[in-house]
Amino acid sequence: MEKKLIGCPVCIEHKKYSRNALLFNLGLVCDARTKTCALEPIVKKLSGYLTTLELESGFISNEESKQKLLPILSTLLEELNVTGACTLPIGYICVFYLSVSPSVDVIVFIITLSRSFMTDDSNTIHLKLIEQRKDPLVVQEYDVPVFTKNKDHFIKSQWDLTTQQILPFVDGYRHIQKISAEADVELNLVRIAVQNLLYYEVVTLVSIFQYSNVYCTTPKVQNLIDKKCLQEECIHYVSKLGQRTNLRDVFQLYCGLTPGTTVRDLCSRYSHQLQRVDERKLIQFGLMKGLIRRLQKYPVKVVRDERSRPPRLYTGCHSYDEICCKTGMSYKELDERLENDPNIVVCWK
Amino acid sequence: MYKQWSVDLNSDAKLMPKQVESSLQPNGEKTSPISVILVSSGSRGNKLLFRYPFQRVSENTSSATSKQRSPYVLNTSGDSVEDQDGDSREQTPLTDEQLVAGFSDSILATILATKSDMCGKKFELKIDNVRFVGHPTLLQPPHTIQVSKTDPSPKRELPTMILFSVVFALRANADASVINCMHNLSRRIAIALQHEERRCQYLTREAKLMLAVQDEVTTMTETDGTPQSPFRQILPKCKLARDLKEAYDSLCTTGVVRLHINNWLEVSFCLPHKIHRVGGKHIPPEALERSLKAIRPYHALLLLDNEKALLAQLPLDCSPALVRLIKTCSAVKNLQQLAQDADLALLQVFQIAAHLVYWGKAIIIYPLCENNVYMLSPHANICIYSPLAEQFALQFPGHDLPSMLAKFSLPVSLSEFRNPLDAPVHEAQLIQMVVWMLQHRLLFQLHTYVCLMVPPVEEEPGLREEEPPLVTRVIGRSLSTPSALSFGSPTSSDDMTLTSPSMDNSSAELQTGGDSPLNKRMTETLLASLTEHERQAILRVPAAQNPEDLRLFARLLHYFRGHHHLEEIMYNENMRRSQLKTLFDKFRSVLVITNHEDPIISLFQSPPD
Chain A
9 MEKKLIGCPV CIEHKKYSRN ALLFNLGLVC DARTKTCALE PIVKKLSGYL TTLELESGFI
69 SNEESKQKLL PILSTLLEEL NVTGACTLPI GYICVFYLSV SPSVDVIVFI ITLSRSFMTD
129 DSNTIHLKLI EQRKDPLVVQ EYDVPVFTKN KDHFIKSQWD LTTQQILPFV DGYRHIQKIS
189 AEADVELNLV RIAVQNLLYY EVVTLVSIFQ YSNVYCTTPK VQNLIDKKCL QEECIHYVSK
249 LGQRTNLRDV FQLYCGLTPG TTVRDLCSRY SHQLQRVDER KLIQFGLMKG LIRRLQKYPV
309 KVVRDERSRP PRLYTGCHSY DEICCKTGMS YKELDERLEN DPNIVVCWK
Chain B
57 MYKQWSVDLN SDAKLMPKQV ESSLQPNGEK TSPISVILVS SGSRGNKLLF RYPFQRVSEN
117 TSSATSKQRS PYVLNTSGDS VEDQDGDSRE QTPLTDEQLV AGFSDSILAT ILATKSDMCG
177 KKFELKIDNV RFVGHPTLLQ PPHTIQVSKT DPSPKRELPT MILFSVVFAL RANADASVIN
237 CMHNLSRRIA IALQHEERRC QYLTREAKLM LAVQDEVTTM TETDGTPQSP FRQILPKCKL
297 ARDLKEAYDS LCTTGVVRLH INNWLEVSFC LPHKIHRVGG KHIPPEALER SLKAIRPYHA
357 LLLLDNEKAL LAQLPLDCSP ALVRLIKTCS AVKNLQQLAQ DADLALLQVF QIAAHLVYWG
417 KAIIIYPLCE NNVYMLSPHA NICIYSPLAE QFALQFPGHD LPSMLAKFSL PVSLSEFRNP
477 LDAPVHEAQL IQMVVWMLQH RLLFQLHTYV CLMVPPVEEE PGLREEEPPL VTRVIGRSLS
537 TPSALSFGSP TSSDDMTLTS PSMDNSSAEL QTGGDSPLNK RMTETLLASL TEHERQAILR
597 VPAAQNPEDL RLFARLLHYF RGHHHLEEIM YNENMRRSQL KTLFDKFRSV LVITNHEDPI
657 ISLFQSPPD
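Going line by line, the protein sequences match chains A and B. Under this note's numbering, the first residue of the first sequence is numbered 9, with each subsequent residue one higher. Under this note's numbering, the first residue of the second sequence is numbered 57, with each subsequent residue one higher.
Read the hints as simulated data drawn from the structure, not as lab findings.
Partial list, derived from the structure: chain A residues whose beta carbon lies under 8 angstroms from chain B:
#, residue
1, Gln230
2, Thr266
3, Val310
4, Val354
Only pairs whose alpha carbons sit at most 30 angstroms apart, straight line, appear in this in silico DSBU-like list of lysine-lysine:
#, chain 1, residue 1, chain 2, residue 2
5, B, Lys349, A, Lys43
6, A, Lys157, A, Lys186
7, A, Lys11, B, Lys178
Taking CB as the label site, the calculated pair distances span:
#, chain 1, residue 1, chain 2, residue 2, range
8, B, Gln635, A, Arg277, 22 to 30 angstroms
9, B, Arg591, A, Tyr219, 33 to 41 angstroms
10, B, Gln404, A, Glu344, 53 to 61 angstroms
All of these numbers come straight from a predicted model, not from anything done at the bench. Glycine residues also receive a C-beta, built at the ideal position from the N, C-alpha and C atoms.
My request is simple: use the sequences and hints to build the entire structure.
Here is the structure:
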């Protein structure tokens, strides 16, 4: 049949009905291949509303008012398919509001059995189809949130209070711990707020920027060659104010990032290319688009003797970023401390 | 049947320990089924023959239903607390058992046993958080039933089964690919059962047994009053029930199912989502298939088990080509040479290799060679407490994994790795370590990619235009078979020397020396694909004055788009590494070089995000 049916059957038992029960089902018919999990809440809600209507005023069981369903259903179908939003008048003052994303094609059917009487009522129903996104990553205190779209595009008053408070500090350079300290908001609240923003794909996470960081290219760096729109976006993003760099310089800079090369080294080697490029924005853009990735350092204590305590942080599971955040040490201090320990090896990955 | 999958630390080159970990996954694992159910429909109506796991207590039939109710109805009259938003996410998540246990046997039988016109097609039904998927199969064409009705002989009055279905219950939010795989398995079991039924009425016999036990237990419950699960009694008596239980258990743990229906027909199946897991994430089957289609003859097949163990797992009637291939396979041989050594066609080798990769028995790598550069994979587990570290220590006593891995923090070539400044470790053992690390997805290989980028004019950055004829020539050469192939093992000092004649533009003409007009024209044609600005920039390079160099550069121009790595150019154009490197050096002012992993085979080391 190649079609998918989504319905929510309802049974209302009452002596007034001919078979002591009214069974009905309002459903949607879609193409079998589309993803329709977002339509389920709409179907469920509609069945709930219809149930309420029936219980309050016998809307469905009455033949007359049942006729009103026909125009309702056709409006529903049209508007859901075209705009994804819908306003349905029922009776005199009864309105359904529905909304769905326009990518789903929908046909509507309804089955009713049995009969009863009617009165009209005033009810307003709002439905909205929410696109289901995948669960966001856990946000760590050493992650840096950066806006993927222009911050000013958002109506700030629509966000919750915590998010509003931290918004001015989300600049793509401050990490979660710093935001929490400067905005005076508790760390976990900041993490949850950022995770929320991550869910709606308003921000993405990058790592802390330091001149001692090491990055390397990924296969996606070739997208910069293949996709013209990405080139434009990149040049626009990384160029210094009032200047405009060119693709070759930018590409050379990205390809200059190799394991073992710090950002500081890059700056000294490619100083000519960096005349018109802001290196912090360069790194930020590269991380956001996956053109480059950060190589993190992981200290591992290679335990030789049984007497020493098992390592807590030097297990190979915690990066320098994490250790420094948790212990408050700086990179340099951590480096010095670990260099003196012959039992510790450092892996970069 | 499970023995081969247990982690046996005493033998070498074993499976990834993640396969064992998956049995400890918490409830709600999206790729495991919740339940397996066998239903049938026949002259006696719809029956649920078997389900596994059992319900603990069969209390669900007593849920206050005094009248006949349609099983599809949602009872709303007694339920005033309705979530008005209709949010399908559960407030208190039910455990998997509860999800399916809520459906009584008779309800399941009614909804899962379809009518005959739904047979032979995929059956999928989602109720709230449970998704049922199966493949209803007709046992006999309908007209024979009518025959039996008109025939007055008493034998024909035996109840006949018209159709049956093996249904898997999954979590509703399972991936579409998981659902398809489960459907596939249901179909395979159905085909086997259908065959056995036609041959010796196997299914009807098993069904009779199952129903008999169910009736027995029901009567016992009525007399004793103690509720019992009939399915527990069925298990020891019915082979089919045991097979279904085994399928379910395998799917939940290893993802590999091997059944012998009626001890005769083998049904084998693997769930790629369980088999291909790297760093906790699974590689989606579509990505896997894309990678497999892009394998080239210069890639190699690396077995993940040792040869003997792998051969032991194969069924007796497997293809001899497969056995030959496994025996001749090696990490240093590319697929081309493997085809010659095993005396198989290259295409067949590709197919067998893809098959082995799909079943999680092998991965695709670039053959081991002196100049290969390896680096630590970002998904590698370098924790000292990981099971990998233990395995490594057992395999290579005296060495620990983190120290070895630290050596690959910076990209290091195999030749560099083999000459460590410290202890004189046996060279062969070092190679074995690298192979071990590759098998366990700890390392990936870096390749060099080249891109043409000329210095810009003031206004516009120089961007090459597409040139269709050259592009098609590159694509067209993919599977054509060069006749001879030889290259060095890691012990040889120099690069790989490949002989690959008879490529259509591998230009024997261009290789004749001298500045003949033919050659000049060829060069000009090849450079014609570039913009004027680019051409000028290239000709300005001092090396361009040398016609040989310019010719070579023009010939290789179509590789300089960042999609072909050095080794591929070497293979296709039959050149040595040193030649290419010198060329790149000469033209470095118009080229940009970068190193990263091969996106085609890096899938096996790090799944896509």
